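Read top to bottom, the protein sequences are chains A and B. With the first letter of the first sequence counted as 1, position 233 gets the number 233 in my numbering; the numbers rise by one all the way through. With the first letter of the second sequence counted as 1, position 341 gets the number 709 in my numbering; the numbers rise by one all the way through.
These are calculated hints, taken from the structure and not from any lab test. Remember, it's a predicted structure, so these values are computed and weren't measured experimentally. Cβ atoms here follow ideal geometry from the backbone N, Cα and C, with glycine treated the same way. Hints are not guaranteed to be accurate.
Below, in silico cross-link-like pairs of lysine-lysine (DSBU-like), each with a Cα-Cα straight-line distance of 30 Å or less [what the hints assert, rightly or not]:
| no. | chain 1 | residue 1 | chain 2 | residue 2 |
| --- | --- | --- | --- | --- |
| 1 | B | LYS652 | A | LYS203 |
| 2 | B | LYS549 | A | LYS299 |
| 3 | A | LYS149 | A | LYS181 |
| 4 | A | LYS149 | A | LYS34 |
Taking beta-carbon pairs under 10 Å as the criterion, some of the chain B residues facing chain A (in silico) [said to hold, decoys possible]:
| no. | residue |
| --- | --- |
| 5 | SER463 |
| 6 | GLY650 |
| 7 | ASP673 |
Pairwise CB distance ranges (calculated) [what the hints assert, rightly or not]:
| no. | chain 1 | residue 1 | chain 2 | residue 2 | range |
| --- | --- | --- | --- | --- | --- |
| 8 | A | GLU79 | B | ARG674 | 35 to 41 Å |
| 9 | A | GLY307 | B | GLY400 | 43 to 49 Å |
| 10 | B | GLY671 | A | GLU343 | 37 to 43 Å |
| 11 | A | ASP243 | B | PRO681 | 34 to 40 Å |
| 12 | A | ARG360 | B | ASP437 | 56 to 62 Å |
| 13 | A | ASP305 | B | GLU447 | 30 to 36 Å |
Each chain, written out:
Protein chains: 2
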Amino acid sequence: MIDRNRRSLVLAVGSAITTSTVGLPAWAVPDGRKLGYAIVGLGGYGLGVIIPQFKNCQHSKLVALISGDPAKARRVAAEYGVPQHGIYDYKNFDSIKDNPDIDIVYVCLPVSMHAEYTIRAAKAGKHVMCEKPMAVSSAECEAMIAACKRAGKKLMIGYRCHFEAHNLEARRLARAGHIGKLRYFRSEHGFTMGNPDSWRLKKAMSGGGSMMDIGIYALNAARYMTAEEPISVYAKETTDRNDPRFREVEDMIEFQLEFPSGVIASCMSMYSANQNHILLMGDKGRIDLEPGTRYDGNKLWVGQDRGNQITPPPGPGQTQWAAQLDHLSLCVINNREPIVPGEEGLRDIRIIEAVYRSAREQKRIVLT
Amino acid sequence: MIDRNRRSLVLAVGSAITTSTVGLPAWAVPDGRKLGYAIVGLGGYGLGVIIPQFKNCQHSKLVALISGDPAKARRVAAEYGVPQHGIYDYKNFDSIKDNPDIDIVYVCLPVSMHAEYTIRAAKAGKHVMCEKPMAVSSAECEAMIAACKRAGKKLMIGYRCHFEAHNLEARRLARAGHIGKLRYFRSEHGFTMGNPDSWRLKKAMSGGGSMMDIGIYALNAARYMTAEEPISVYAKETTDRNDPRFREVEDMIEFQLEFPSGVIASCMSMYSANQNHILLMGDKGRIDLEPGTRYDGNKLWVGQDRGNQITPPPGPGQTQWAAQLDHLSLCVINNREPIVPGEEGLRDIRIIEAVYRSAREQKRIVLT
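Here chain A stands alone, though its shape is the one from the complex (with noise of 0.2 Å):
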């Protein structure tokens, strides 16, 4: 228990973002309290991927459910032991205010539903955990920000990846000098999109194509993993707009970000190929991570090429969900700012308005 929130605390100072609100006691050592989530959306990943990783949580709980689907969300519950005044649908979801055992609202929602349904949630009272990318664009996740600064409530962006052990390793490992200065990033992440019919193809509810969904994991890495902002970026777009499936929505992207130390990161996100690859490039050696950022089978080296694997600590919970619900239970708890706050997803979608940009007007695009 102690040595789980030791590597919380470690996780936390490791962040270039959130040095400076960490080191009370407090944080070191919660209470055995569990907090209560509410799950809003019963899609792949709220039903699929979150509600299972509630048994693997130590500070968490799962003790809502919003849903447009009554049959569903009460199999669900009765699957996952909600009680029945624990389920909501999209009309009453504001009457959450009346239900003590909500601390936290987590949006699993396509794209353009999370600025709404996060700033009802901070108006009924609630925290709020939004699935990333945090909104469809940054004027969105502005009044996303204010409207959880205004009701006093926690914002968290997730980012899983903050907790997993593999990445956790790689940027320990990078910050700790072992690949000697850091010069060069490099990053692929996509997947073939098979279902032309997935909302994550209609620009109105994902708000872009792979770069939304999949280029953000090398965009964060990037800026995770070099620990520095950008100043530039210059995209190029290539997509086929006779595949039924990329009519509304970008298929790939490249881009390519300056850093103020001078390293360089080049991205690759992909809607019609599979690949998934951080490599950090240090003048004494690499870091490789392939798979990167999968939810399980990630794979680091250390080293001159792949001759030396790592196997990382365990990462600060049993599961990187496990830790990313726990570590805004224990914000809330200890009332501190989640590594990962609305801020980080900000100015992720900052950098991909500048990407699109970029893309469209075939220049560099200087990043304020």
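Chain A is fixed; fit chain B onto it per the hints.
Chain B only, in chain A's frame:
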């Protein structure tokens, strides 16, 4: 013997450049003659790499040396059986015209001397193999091509990877559809430049930094593997000008190429980190070479990941260099154009000039 020549034929047919110039039976059935090479420059590459390769050749032999160091020239001549009358210096170089043993001059000099010695060799009535990068400018490349044309002599550039078994097999697999439709190409080429006194770091001798020396492998592989010519380039340079190695030339350049088919190539050139990697991503899988362009030890994988390592069939010669040397000899014997003629070197130099311009002007350059 016939098998080996068949492979030469396959190689040439596989090349987008020379398909139309191949096919005569004479090409496939050369006589047993060995053409005589003169090596200009007894530096690391000429002396350390090329000269020891003639023992592996079927159609090429070493007959002359050109060096500014008479003692070194005598020693090397004795070791490799070059007769006394085959030893030249830079002053009496032009008298090679009177030596009928010399068919081909191989220019292994610093880049700034390539044009002069290629042109002088052509004027002396000799065919020319010139090391890559072809010259310090496209204007010089054009002059070299014109001089050889005027003299009625062959000009080939030392792109050894076009004769290397793993590279040949990777290209064959890509073109045969083993990874579906090609979507994305990536290559990183770099090494840690140790010696701050190397001629490669003097701009007047090298024409540029890592891009000219090692980045050209990434560029040429992008064109070779895709079998397309890029339509635009964007590049970003990062060089620490306080590093004594990089007072005159660049360290890192990341460059992105767009191809007509929509394939994007993302390439990195570095003098401050070790990396040697080629990746082709198709919509059905990938081809991975790491290392990809080393003298030996190259490795090739084809599939979804690195589960399926391929041992390629033998290349067209006993080594990549023997195949390269014999290719030009056979081209001379059979009066065919080399698969990597001067025009191939010129194409790379034109793109490198656009890479430098893009990095300088921080904008996308359309290639014409």
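*asked:* Hints numbered earlier in the text: which of these fail when held up against the supplied structure?
replied: 3, 5
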